[in-house]
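Chains as they are written, first to last, in the working numbering: chain A, 1 to 136; chain B, 137 to 762.
Simulated from the structure, these hints should not be mistaken for laboratory data. Note that the structure is a prediction, hence the values are computed from the model and not measured. Glycine included, each C-beta is placed from N, C-alpha and C at the ideal position. Among the clues, some could well be false.
One-sided and incomplete, this derived list gives chain A residues near chain B with beta-carbon spacing under 8 angstroms [to be verified]: (1) Gly34; (2) Asp38; (3) Val39; (4) Gly40; (5) Glu42; (6) Tyr103; (7) Gly105.
Pair by pair, the computed Cβ-Cβ distance ranges are [claimed, not checked]: (8) Val101/A / Gln532/B: 25 to 33 angstroms; (9) Val101/A / Asp608/B: 55 to 63 angstroms; (10) Ala366/B / Arg77/A: 40 to 48 angstroms; (11) Lys2/A / Asn191/B: 49 to 57 angstroms; (12) Arg583/B / Phe31/A: 55 to 63 angstroms; (13) Trp112/A / Thr504/B: 20 to 28 angstroms; (14) Pro691/B / Phe31/A: 37 to 45 angstroms; (15) Ile163/B / Phe31/A: 41 to 49 angstroms; (16) Ile82/A / Arg392/B: 44 to 52 angstroms.
To spell it out: a stretch of chain B is covered by chain A in this simulated footprint if at least three of its residues, at any positions, have a beta carbon under 8 angstroms from a beta carbon of chain A; those stretches are [claimed, not checked]: (17) 373-381; (18) 499-513.
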Amino acid sequence: MKTSDRNLIFGWWSLVVFLSLGGVLEMLHGFKVGWYVDVGNEMRRLMFTLAHAHGTALALVNIAAGLTTRAKGFTLRSSVSISLIWAGILFPMGFFLGGIVTYGGDPGVGVWLVPIAAVLLFYGVIRIALDLSRLR
Amino acid sequence: MPKSSRSTWQGVLVLAVIVGGAVMTLISAYRARREMVQPDNRPVQATIGNYVTSNSCRACHPGNYASWHTSFHRTMTQVATPASLLGNGAQTDFSLNGRDYKLERSGDKFFVRTRSLGGDYGEPREVVLVTGSHSLQVPWLEAKNGRTLEQFPFAYIIAEKIWAPVSETFLTPPEFKEYYSIGAWNGACMDCHVTKGQSRFVSGDTWDSRVAEFGIACEACHSEGREHIALNRNPLRRFKIHLTNKVDPSVTNPARLAGPESGMDCGQCHSVWAYNGMEDKLDFNRNGTAFRPGHLDLIQRFIVQPNSPDHGEQKDFIREREPDFFHDRFWGDGMVRVTGREFNGLQSSPCFRGGNFSCISCHEMHPTDTRQVSLTNWARNGQLRPKMESDEACLQCHKQFASKIESHTHHPEGSSGSRCYNCHMPNTTFGLLHAMRSHQVSSPSVRESLDYGRPNACNLCHLNQTLAWTADKLHNWYNQPEPELSSDDRTIAASAQWIIKGDAGLRALVAWGMGWKPAQDISGRDWLYPYLIYTMTDPYAAVRFDSWKSLQTLPGFSGFPFTYTADDRALKESAGGALQKWLREVKRPDTTFEQQTALQPDGRFQRAVFERLRNDRDNTPILLSE
Chain A
1 MKTSDRNLIF GWWSLVVFLS LGGVLEMLHG FKVGWYVDVG NEMRRLMFTL
51 AHAHGTALAL VNIAAGLTTR AKGFTLRSSV SISLIWAGIL FPMGFFLGGI
101 VTYGGDPGVG VWLVPIAAVL LFYGVIRIAL DLSRLR
Chain B
137 MPKSSRSTWQ GVLVLAVIVG GAVMTLISAY RARREMVQPD NRPVQATIGN
187 YVTSNSCRAC HPGNYASWHT SFHRTMTQVA TPASLLGNGA QTDFSLNGRD
237 YKLERSGDKF FVRTRSLGGD YGEPREVVLV TGSHSLQVPW LEAKNGRTLE
287 QFPFAYIIAE KIWAPVSETF LTPPEFKEYY SIGAWNGACM DCHVTKGQSR
337 FVSGDTWDSR VAEFGIACEA CHSEGREHIA LNRNPLRRFK IHLTNKVDPS
387 VTNPARLAGP ESGMDCGQCH SVWAYNGMED KLDFNRNGTA FRPGHLDLIQ
437 RFIVQPNSPD HGEQKDFIRE REPDFFHDRF WGDGMVRVTG REFNGLQSSP
487 CFRGGNFSCI SCHEMHPTDT RQVSLTNWAR NGQLRPKMES DEACLQCHKQ
537 FASKIESHTH HPEGSSGSRC YNCHMPNTTF GLLHAMRSHQ VSSPSVRESL
587 DYGRPNACNL CHLNQTLAWT ADKLHNWYNQ PEPELSSDDR TIAASAQWII
637 KGDAGLRALV AWGMGWKPAQ DISGRDWLYP YLIYTMTDPY AAVRFDSWKS
687 LQTLPGFSGF PFTYTADDRA LKESAGGALQ KWLREVKRPD TTFEQQTALQ
737 PDGRFQRAVF ERLRNDRDNT PILLSE
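This is chain B alone, in the form it adopts within the complex:
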């Protein structure tokens, strides 16, 4: 072969490689562009105002990005994928209220088909978003109507790895069948479960919603970042801030705010809030929140405190339009009773008046230790700062008590009874199927139980004691006046009364509390069985769930199977089985029961007492949503 011909072929080969490479690049560019096309069946992420998303923050704040990325704030709302849709392989067939649902996977997408009982399955509808990733996750379906979402009627309870009807994952009256209506996510959930959500109502059931970012991202707390990034491209500016420790006015840093402003950063969502008026509601709906982190004014909204003098007109309007609004969120004295609304409690705490107390007095959003294992533990443990699970949380301000814990608490130092937060922040709020500490710092009293039906901290731990016992202790130790008490309050353990005759919210708190180890340790475990077994048939699913969970903490009942969402007959059968198991297999023959437990020597209820308490039950419907 002549030399020139050989080099021609080599040239052709090189050219072919270059052309091939170019074609491959064009194909991948086309694919990438096609993937960037926004879906039209769900809310989408869009460029809104000066929001730049967490991706832009990451480069300069890798540690903060890492802690946020591990937090449940990030995963509060996610696009449904095999990784984000939890429990997607656990169950495929669901039935509820006369309808069957089939959850199917096709590639990386999930679809739900529905049929009425006996009918054929209809068209598949895509699962497009998921909300929640810590306790509970609710999948959302395309409504085939703009960017409107419809609730998949089942939620995944993450700790239990089970699916349950959404209406039975909140404390809701048994007759309550559907929790979220079509468009509820667009019209309500996205107010707080995304960053800068714009609901954008169109008409009828149609929404054209968009967000700056799914989940609660950097700019939700630090304000929008475009100006901050533009200014800080200048290295001299950055180093001036680093070396002088000056505040950068182009961004909000809650850690450097006064208590009220810092607290409001969290309180913009973690509170019971309402719109100032219809115009503000429409503005919020169209443009999203106008609140800028670092300020006290929510602008379009206000924090609803039942007893505060502000916004009287708006609160009267709420009372008129939604009579149960306050009852379903607050105890009678105005203390918030639902979880997720901690700022209401914080704002009502005496500590708040000092001006330095805020959420980040005890919690931190960005731990300095960014090892993944540390971050995971931090995220699962309420994002608490180090040592904040100890008395240090309170002693950082109330230093005078450090040397007299025993004399102040009348409990041995180091015991659960001496822990500041066990008395001053008892587990009196409820949501997502569990009790949680009240964030309104208060002192225990018998009056709160008598007047407002709220369990006091003493009897939440000393479950086997009467209100009279507590009144006596509080009188002797803290000179609290002794209230007038009924005969039952003098003779029957407060928790026994509450779990039988309290409203459903109170029953749920006590059912949860009976599984609380410090309470079991001091109150004994033997007498708790019949109460928890009885409560497994409570009309409220949330109460049944907590009874079951608490029963599992008792000897002999670890892993006890129970479907808390089953029908009445199955519930009774399970409870009957549990009672027989306790009486025959678990209960020791020599077990004795204190008089105030209202149990007979054989462990069964004192019939007359039980019937009387049950007849006195507060059956007022109650809905405690998070």
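Bound conformation, chain A alone:
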């Protein structure tokens, strides 16, 4: 399997998962579930929203990475492919776990996954940008 295929498959399945999470969050809003909508759970709401948004955005980044390499005819480095996939996992997971247990205005410890994911994402994106630049 090509590395670009791996990112495309991950991206589309990730999109399925995080669009579904969006539906779940809508339901929590719709039924006014206190665990999610109460004023005191503002941090949980923020974390889950960020998990949904980042999960969806990272799914699109993975799809874009896969399509870009195909369109431009170059091979996605394995390290880049894995970085983007892990960024797509760790970003939303960090926010999601950070929202399960909260400390008032602070998220739970799971949120510490987010900076790791950010490093992986930066590496993947910068690497693709550099590889694309060299193609010219």
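Mind docking chain B on chain A? Use the hints.
This is chain B only, laid out in the frame that chain A set:
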């Protein structure tokens, strides 16, 4: 049109949009800045020391902010606005003691104009602040003298949705006409009704008062927050505290203090306190409280307990300067008798000696359930913790009684008589027109009624029973010695005696108690009518108010109209009307009255008994302020 000309016009249009946007932004910035200019006719919020206000706490503690925001602590003092000034559309014209008052609205502001009867209305004076939002609200007017405030002589009784003279919203002698003098808010009320208030006396009647925040906000209980915020910008520090459950020394958390320190956090205001001396008073006046939450020492002040050995010199000084000070706040044995001063009771309770008992044993300031409906109920219900309206409040410590409630109380389990707090925390404190539970945990005795005139818990529920009946029960059940009793104490219901011959504070408690459902259920309702109707003409307005409220709980009198602040003639007419209504429309022909109720078979008072008791009335003037 040439191409270059068209793009020039487009450029001009873009430029015009940018300039227009910039001008609009400047205008709104100017307006915002103008609105930020502090008014000079009232106390203002200012940056004081390391206080940062609740707005700064909100970002990191949204749940706690939400519960505080729903509480009546937040709204204790507010700037007067259409939203905060309650009852602003209910009445516009007021009259009192030969003066007329007109309350008017102009935009979002309110003004009061005053005239002597027959004269012209004077210059409008702005209503600038309001104090209270739970039971009662008092509006404050600019005094046109610095930041000094003057009392609007009427208060809004929130539950009744009526305005009444302020002097008649507290238990005050009838000859008492003005409750707060000019500057009283600056000099006294703001000691506790704001966060870190600085009265700042200038001269004469002039004050230059400022506060860290209006209302009782986060920093009143948790101490000032600037250092706490600065330190906790570091996420590593925060997570270290979260994960190790360590105490953050940069802020006070009453929930993690020992009982006495935690209680003092509330007690800094919810107590009868006095200054250690004139220097401390001046320091408090200029700089505000020096007390830091988490400590036991109020520094400039002390908790006044009549019987404690401390501060003897200061207490002697108080006795000399204000002879009624103790009488107006405490029962004869030193138990506090006014509401809002619960820490005095807490501190005198045997439970307090254990070291863990504090206000938050039963109350909570920040419920975990932050749904608005839950928060509203919590705020209206004394900010009690879950289950604290049940025996659980006491059983959380006194576990040994859980399995023997019936044998200990001699009342069926689950009945109101078996409730711990009905016997050990009866409604013997009074303030803001209603009775409230004593926060001094004690055991009922007949001696407390004989020696100090305080209604005992048994007769506050068994209203139709005599003191002899109570003495007999307490002797048989708890081996209490039987005191020597008068003939009346053996034959006339204790509550009937108290409501006729007690002092005004006692009469108010019993008038309120006659409307208490558990007492009505056990004592019967039929015989209460004549007592409550008679008390509607009591010289003390607060007693009349509670009689009226209790009468409304009786069958046939729901919604009965009565102006408790009316003149004597109108009061007598209303009471006469109520009596006729009861005799003709409500009382069943077959109603009988027990001997100890001192009523004739037709429901009227036994004249000789009534006259004797009334002649024995304790007419000592009494002023029970909250």
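Results for each hint:
1. Gly34: With a minimum Cβ separation of about 5 angstroms from chain B (threshold 8 angstroms), the hint on Gly34/A holds.
2. Asp38: With Cβ-Cβ at 4 angstroms, under 8 angstroms, it holds.
3. Val39: holds, 4 angstroms
4. Gly40: Interface hint status for Gly40/A: holds (3 angstroms vs cutoff 8 angstroms).
5. Glu42: holds, 4 angstroms
6. Tyr103: holds, 5 angstroms
7. Gly105: holds, 3 angstroms
8. Val101/A / Gln532/B: 25 to 33 angstroms: The hinted range 25 to 33 angstroms holds for Val101/A and Gln532/B, with Cβ atoms some 27 angstroms apart.
9. Val101/A / Asp608/B: 55 to 63 angstroms: holds, 59 angstroms
10. Ala366/B / Arg77/A: 40 to 48 angstroms: holds, 44 angstroms
11. Lys2/A / Asn191/B: 49 to 57 angstroms: At 54 angstroms between Cβs, range holds.
12. Arg583/B / Phe31/A: 55 to 63 angstroms: holds, 58 angstroms
13. Trp112/A / Thr504/B: 20 to 28 angstroms: For Thr504/B against Trp112/A, whose Cβ atoms are near 25 angstroms apart, the range 20 to 28 angstroms holds.
14. Pro691/B / Phe31/A: 37 to 45 angstroms: Since the Cβ atoms of Pro691/B and Phe31/A sit about 44 angstroms apart, the hinted range of 37 to 45 angstroms holds.
15. Ile163/B / Phe31/A: 41 to 49 angstroms: holds, 44 angstroms
16. Ile82/A / Arg392/B: 44 to 52 angstroms: holds, 46 angstroms
17. 373-381: It holds, with 4 qualifying residues against the three required.
18. 499-513: holds (count 5)
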